[in-house]
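In order, the protein sequence lines correspond to chains X and Y. If you count the first sequence from 1, position 110 lands on 110 in full-length UniProt numbering, and the numbers rise without skipping. If you count the second sequence from 1, position 287 lands on 287 in full-length UniProt numbering, and the numbers rise without skipping.
None of these hints come from the bench; they were simulated from the model. Please note: incorrect hints may appear among the correct ones.
Claimed, not checked - Simulated DEER-style distance windows between Cβ atoms: (1) X:R191 <-> Y:M135: 44 to 52 Å; (2) X:A330 <-> Y:D92: 33 to 41 Å; (3) Y:R315 <-> X:A330: 15 to 23 Å; (4) X:S83 <-> Y:M135: 48 to 56 Å; (5) X:M1 <-> Y:D302: 49 to 57 Å; (6) Y:D287 <-> X:L299: 44 to 52 Å; (7) Y:K116 <-> X:E326: 37 to 45 Å; (8) X:D302 <-> Y:A31: 29 to 37 Å; (9) Y:D92 <-> X:L299: 28 to 36 Å; (10) X:G286 <-> Y:E128: 53 to 61 Å; (11) X:E326 <-> Y:P265: 28 to 36 Å.
Stated by the list, open to error - To spell it out: a stretch of chain Y is covered by chain X in this simulated footprint if at least three of its residues, at any positions, have a beta carbon under 8 Å from a beta carbon of chain X; those stretches are: (12) 15-26; (13) 320-327.
Everything numeric in this text was worked out from a predicted model, so none of it was measured. Using N, Cα and C, we set each Cβ at its ideal position, and we do this for glycine too.
2 protein chains.
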Amino acid sequence: MDVIVGGGVAGLSVAWRLARAGRPITVVDPAPASGASHAAAGMLAPVSEVTFTEEPLLRLGAASLARWPAFAAELAADAGLSSPRELGYRADGTLDVAFSADDLAALDETAGFMEKLGLRVERLTGRECRRLEPMLAPSVRGGLLARDDAWVDPRRVTAALLTALERLGVAVVRARVRELVRDETGVRGVRLGAGDGGPAGDGGPEVRHGGAGAPEGRASRGGPYPAEFGAERVVLAAGAWSGGLAPVPVRPVKGQIMRLRSPEPLLGRCVRGMVHGQPVYLVPRGDGELVVGATQEELGFDTRVTAGGLYELLRDARELVPGVTELEVADVVAGLRPGTPDNLPLIGPGGEPGLFLATGHHRGGVLLAPLTAAILLSETDAPPGPDGLVAEDLVALCSPGRFAS
Amino acid sequence: MDVIVGGGVAGLSVAWRLARAGRPITVVDPAPASGASHAAAGMLAPVSEVTFTEEPLLRLGAASLARWPAFAAELAADAGLSSPRELGYRADGTLDVAFSADDLAALDETAGFMEKLGLRVERLTGRECRRLEPMLAPSVRGGLLARDDAWVDPRRVTAALLTALERLGVAVVRARVRELVRDETGVRGVRLGAGDGGPAGDGGPEVRHGGAGAPEGRASRGGPYPAEFGAERVVLAAGAWSGGLAPVPVRPVKGQIMRLRSPEPLLGRCVRGMVHGQPVYLVPRGDGELVVGATQEELGFDTRVTAGGLYELLRDARELVPGVTELEVADVVAGLRPGTPDNLPLIGPGGEPGLFLATGHHRGGVLLAPLTAAILLSETDAPPGPDGLVAEDLVALCSPGRFAS
């Protein structure tokens, strides 16, 4: 059996792909889908405002974006959804906008990078931007339309992954992993506990059994569960908490994000811009929600929603699309992204026999989920999925071995 | 029997004082203490920033402020609390601050008004303000300390009022009043219904019985309840919804208010100022909360928390006390104040035999509660409370008869 530690979008995607490849899988998480994935906006946009000069990350993102259509279609089918749109999947592009000459120059640079990678981009004037998105601020001076960009609703994606796992008979154990079990040959399993070190506290562990024996669409619950799970492989996908279980160089990067409720859609696509030197983005959902994200704060394991964070989101969103002031505030949440020293994820063999990593995705967990699962498939010698192997150079970029001393 | 329509701070205060005077009382409200009182900050400060030139309102406020110490002490005793501090009652003053020469001139004018009314005020320099409240913004140029001002926690006040009523055996009927019952002699009762027109929706009516038969500290629930209550007098205290039951000139004035959580107190007293032409105030609570209020919006019966309202609160609070950015956001609520054409409340005979009003308090419901109850006592010929009668000229200021055609 393989044990996946962590039920966020990375861990669940890996679990789903491995289970589909015929592997016996168990997922362990005290509160699946409640961490960074719950707070994520779900943009599938390889060019991230703060990192557009980081070509390696851009290449990873572009490769994973290319895998998303098939990933979404298969996931929808496995979860019993009628189409990927039920995951909130939309492929209508991202519009990056500029307010200043500096912003415009940065857009040109970004456009160059994207064209080099074969992504379709289009430079627009301010007027063209407003023709595309009439609610944009009049001060927008130009923009860059990334036609290939897409977005999903991460909460729907993780819910679909949990359903798909249930249908495949994969157990999702609602417990905290206290430590990895090791013997002289390497990592051989996980030990459960009720300590605190995970994204959410709950009582004792609780097992959700899916599969043939469970009633349709629902999971039975209950124990008894073992205090340890032996495993052929352990995949550590515990996001910002991964460092508590193995020497993994991840740190929490706090993000606060806000959901607004709009009686009619304000935007037709994702809109993004630099405001007051900080990136802000607005992601429309089909159900009339508009997601505004996100702060980036280095404050350790702090998940408080603060007056300052909320203020910045509201101020910056107003500058991009003044009409947001009329919208109702639906909720505000804070999550912790797993940051790494070089902003690249940690995917692959974990430096000990039996240990694999699928963490360190920082702001890119949702975008990189298909790529992460594909790399784990090949690195654990599972048969490749229908979308095939990952190029060797991309696998190397993500290799945790780059931090080995 | 007298029926009080409305279980906010005004209706509950009137009910409590009348019941204490020996009157049989029933209160009817679908969701007591959930309307404007729930959203109120609880400042007991007669000088309101936007109305300091309105001398009549200032006189009403000063008279009610003078009644608050005895009102709070008696309420605490009747509710079984050890002291008025358990109502969040604090009498440490309000500091009004100025950022500009215009603001300073306005403070001088305010100081004159307050001295004329015998209230203790003190003009402070910017440095003196910061000595008093070190967290104030460096841009504060001067201030006015109103030493007699106080504040309470309105949620604790209404909870104490409900407890006191229960102990006095007063029934609080959780139902909506559909209409007043009239005969040829005037208003003779109320008819209940499940229509929507009140501050909060719930299912069918539900009666809370207090008194000797109820277990200590809890109220029994259940019916059957009559579809009508006959009444010697009906006191209409339904806040912004009063106009739906009688021709009362009230309109809803929306206010959004935010509660922040502070690990240690940021302020020692209420702080208030004009920011961007709008008044903002910060009210500290003993339990480490800091209340930030409040927007004033004329939008009809709209209680949505909006991005724009929240943005203004956060922006203005930051300008007054920059340190608020570090605080956690505990909640944001919107309430509807009952505004009147002349900003003065409507307290007294309602123009029809058997009908009395206790509404139209706009921003002053909590401050004016003791005065409101005292006026109602005298206008309904109940024996005056321990704090005595209200001066005739103040009674006349509040008389609903001023709007009779």
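Structure-based check of all given hints:
1. The hint said 44 to 52 Å for the Cβ distance between R191 (chain X) and M135 (chain Y), and at roughly 47 Å that hint holds.
2. Checked against the hint of 33 to 41 Å, the pair A330 (chain X) and D92 (chain Y) passes, with Cβ atoms roughly 37 Å apart.
3. Distance hint for R315 (chain Y) and A330 (chain X): a CB-CB separation of about 21 Å, consistent with the stated range 15 to 23 Å.
4. Remark: the range hint 48 to 56 Å for S83 (chain X) to M135 (chain Y) is upheld by a beta-carbon distance near 54 Å.
5. A C-beta distance of roughly 55 Å is found between M1 (chain X) and D302 (chain Y), which places it inside the suggested range of 49 to 57 Å.
6. For the hinted restraint 44 to 52 Å between D287 (chain Y) and L299 (chain X), the CB-CB distance of approximately 24 Å leaves it violated.
7. Separated by about 43 Å at the C-beta atoms, K116 (chain Y) and E326 (chain X) satisfy the suggested range of 37 to 45 Å.
8. With their beta carbons about 35 Å apart, D302 (chain X) and A31 (chain Y) fall inside the hinted range of 29 to 37 Å.
9. For the pair D92 (chain Y) and L299 (chain X), the supplied restraint of 28 to 36 Å holds, since their beta-carbon distance comes to about 33 Å.
10. Roughly 56 Å separates the CB atoms of G286 (chain X) and E128 (chain Y), a value that falls within the hinted 53 to 61 Å.
11. In this structure the hint that E326 (chain X) and P265 (chain Y) lie 28 to 36 Å apart at CB holds, the actual value being about 35 Å.
12. Given a C-beta distance limit of less than 8 Å, the hint that chain X covers the segment 15-26 of chain Y is violated, as 0 residues qualify and 3 are needed.
13. With a threshold of 8 Å between beta carbons, the proposed coverage of the segment 320-327 of chain Y by chain X holds, since 4 of its residues qualify and at least three are required.
Violated hints, listed in ascending order, are 6 and 12; each of the other numbered hints is respected by the structure.
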